[in-house]
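A.B. asks: Letter by letter, the chains look like this.
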Amino acid sequence: MKKAEEIFQLLKDNFPDQNLELKTDQPTEPVILIAPDEIEKISLFLYKNTELLFDSLVLLSGVDEVKANLISVYYHIESTSLKHKIVLKVSTDRNNPEVVSVTSVWKGADWHEREAYDMFGIKFTNHPDLRRILMPYDWEAGYPLRKDYENPEFYQGMKVPY
Amino acid sequence: MSQDLTKNTKVSSQSSKIRTEEMILNMGPQHPSTHGVLRLELGLEGEIVTKVIPHIGYLHRCFEKHCEAMTYPQVVPYTDRMDYLASMGNEFGYAVAMEKLLGIEVPQRVEYIRVIMAELQRIASHLVALGTYGADIGAFTPFLFCFIDREKILHLFEITCGARLLYNYIWVGGLSHDIHPDFVRKTREFIKEFRPNLKEINDLLTHNRIFIDRTANVGVLPIETAINFGVSGPNLRGSGMKWDIRRDDPYSVYSKLDFDIPVGKGTYGTTGDSWDRYFVRVLEMEESCKIIEQALDQLPEGDVTSAIPKRIKPNVGHVYGRVENPRGELGYFIVSDGSTSPYRVKVRPPSFVTLQIMDEICKGYMVADVVTILGSLDIVLGEIDR
Amino acid sequence: MGFLDKEFNDGNIVITTAEDIMNWARLSSLWQVSFGLACCAIEMMATSASHYDFDRFGVIPRPSPRQADIIIISGTVTLKMATRIKRLYEQMPEPKYIISMGSCANCGGPYWEHGYHVLKGIDRVIPVDVYVPGCPPRPEALLEGLLKLQEKIRNESMIKKSA
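Chain order of the listed sequences is A, B and C. The C-terminal residue of the first sequence carries number 162 in my numbering, and the numbering is unbroken. The C-terminal residue of the second sequence carries number 1386 in my numbering, and the numbering is unbroken. The C-terminal residue of the third sequence carries number 2163 in my numbering, and the numbering is unbroken.
Calculated directly from the structure, the hints in this document are not laboratory data. For clarity, every value in this text was computed on a predicted model and none was experimentally measured. Heads up, the beta-carbon is just placed ideally off N, CA and C, and yes, glycines get one too. Hints may contain errors.
To be verified - Capping the alpha-carbon separation at 27 Å, the derived lysine-lysine pairs in DSS-like fashion look like this:
(1) Lys-1100/B / Lys-67/A
(2) Lys-147/A / Lys-1065/B
(3) Lys-89/A / Lys-1363/B
(4) Lys-89/A / Lys-1313/B
(5) Lys-1242/B / Lys-83/A
(6) Lys-107/A / Lys-1051/B
(7) Lys-1242/B / Lys-48/A
(8) Lys-159/A / Lys-2096/C
(9) Lys-107/A / Lys-1363/B
Unchecked claim - Residues from chain A that face chain B, not an exhaustive set, calculated with beta carbons under 8 Å:
(10) Tyr-74
(11) Asn-126
(12) Leu-130
Okay, chain A solo, but in the shape it has when bound (with noise of 0.2 Å):
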């Protein structure tokens, strides 16, 4: 079983020329910080290494910082084997969000990158069929959890607002 420090070190090891950041001041988890891009790449690491052994994604989610004009994915993911987790963080622009899809890696992902771009429009590059899931797919008025997203007034006739 791993700390966070340690699987920071391997990943530093691995990976010298990424620009990879472990923040450990929040109140309840370390969180790595890592770029939109090599998230595949490192996932492959993270899942494959003998010594972490992360077969399992637990949760993947997305979080629109207005304030800080990014959107983020944060991924939970753990070993079933080693019993260690740890939370990886990827920030894009908030205009143009494009991460890097994970589900060549864990395939349960697929659903949750789904989701990830119905609500917040988070476009996954490689992601076999990436299209709306909750929302009807032909819903036009924008991305729903995203902090500054208007309602419509009707939709196929109905009223939408009270």
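Fit chains B and C to the known structure of chain A by using the hints.
C.D. replies: Here is chains B and C on its own, set in the frame of chain A:
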């Protein structure tokens, strides 16, 4: 058996030169056997399924947007309504995550009562799962028997907090009211009556020849696939892996209670088939009875509302808290920006993750087996769509 | 039940109006489309189970809308689902009745304020006969809703069309 049928259809079509095409069949949002509003698009070659595409979102009720507009205590009734068959579990998960973020400790009496409520809720939820599974297969009587026992549990919940289905009982920092003076005695009576009823359900359904023929060797889920997709709960335990949040990442007072984790062993077929997933649920109900009895014996005195904060205003940060719901691992990812209402609440529903594997495990079986497999996964659309 | 007991005392002849007998036949065997959306559907299932039996009122679940008289909209109606409910309603043959169960189907429920995908009440799409309030309504409340619907059918007239 399913693989042989595929082979036969290919041979016969080649030999008689009939032009066959793939047919798309829609198991629409209104269907007696999809547990809720789920649309399954089945690609069929004759009677054999080649692909399954689930379409969800018919019950998307904007839970996460509501959380950003309410204060922290006001979120609790909305968490109830996500997985409406396990409301105590949902509230428990939210309380565990929030108490981790705030760093508060609750009195021991609160912890024990929460565990008793969560385990009673587990029994009630599994009874619905088994009853409706039997009804899907075609056996209507177990449905009625399961609902009789469920009514007794709902009566226990009703004398505690006044509601039958959606409770708003487990608050951040404590509970809304203390338990009724008769609760302990009535719960012990219920457990005493429930154990022989469980044996009756086993005789009716579990070891029934027709049920075994329909569920054994159907929908086999290998362990590596399950972990890669992130499946948890009875579905993962049915494939043979002993993974339970109550044991592997303990919360509340589960580390002080003694219980076993049942796994699937392939008794009547392959390990990880629908029968194994179903039987794990039956065994879990027995384990829950054990946990409730121990918790009732160890229940201390105390005040259940003393640790509830007057105003919840956590520090800036984020937390991920999880509990073992009857359907798997329910997690809450809460991001706080220092104000009285959450900045972002993301829920990790166990059924959302489980429904993705439908395409993997349904290939090569017949249309009637799709209903069997879907019933054995035990999904609730309220938490998939939130 | 009342007039049957009285009438069959003298020789198996019943004298009544055509309207009364048609209405009595309709209200005594309302077959429902088994259609549950959300939490209220669980209470509807509990009402059909043996503790609060729906069957004694003649209500049995039918899987297809073409064989049903009544549809109980139990649960939140979202915009994605509303078009499908309209199609289900149009597939039911006349005479058909609708019970809107729970506050989500009545007026949007707890999701009325910020629900961008929730339809605030099913009566924006189809005409409702009886509203049953509650979140979720107790099985006894649903049974009372059914009895009120039966009362409404008892007073229906074949000549004057209802609104």
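A.B. asks: Each hint: holds or not?
C.D. replies: Verification of the hints:
1. Lys-1100/B / Lys-67/A: holds, 26 Å
2. Lys-147/A / Lys-1065/B: holds, 9 Å
3. Lys-89/A / Lys-1363/B: Since the Cα atoms of Lys-89/A and Lys-1363/B sit roughly 36 Å apart, the hinted pair is violated (cutoff 27 Å).
4. Lys-89/A / Lys-1313/B: Satisfied, since the Cα-Cα distance of roughly 24 Å is no more than 27 Å.
5. Lys-1242/B / Lys-83/A: holds, 13 Å
6. Lys-107/A / Lys-1051/B: holds, 17 Å
7. Lys-1242/B / Lys-48/A: With Cα atoms ~22 Å apart, Lys-1242/B and Lys-48/A stay inside 27 Å; holds.
8. Lys-159/A / Lys-2096/C: Given pair Lys-159/A, Lys-2096/C holds - Cα atoms ~25 Å apart, limit 27 Å.
9. Lys-107/A / Lys-1363/B: Holds - the C-alpha atoms of Lys-1363/B and Lys-107/A are around 17 Å apart, at most 27 Å.
10. Tyr-74: Because about 7 Å separates Tyr-74/A from the closest Cβ in chain B, which is inside the 8 Å limit, the hint holds.
11. Asn-126: violated, 17 Å
12. Leu-130: Constraint on Leu-130/A not satisfied, violated at 15 Å.
Hint violations for this structure: numbers 3, 11 and 12, all remaining hints satisfied.
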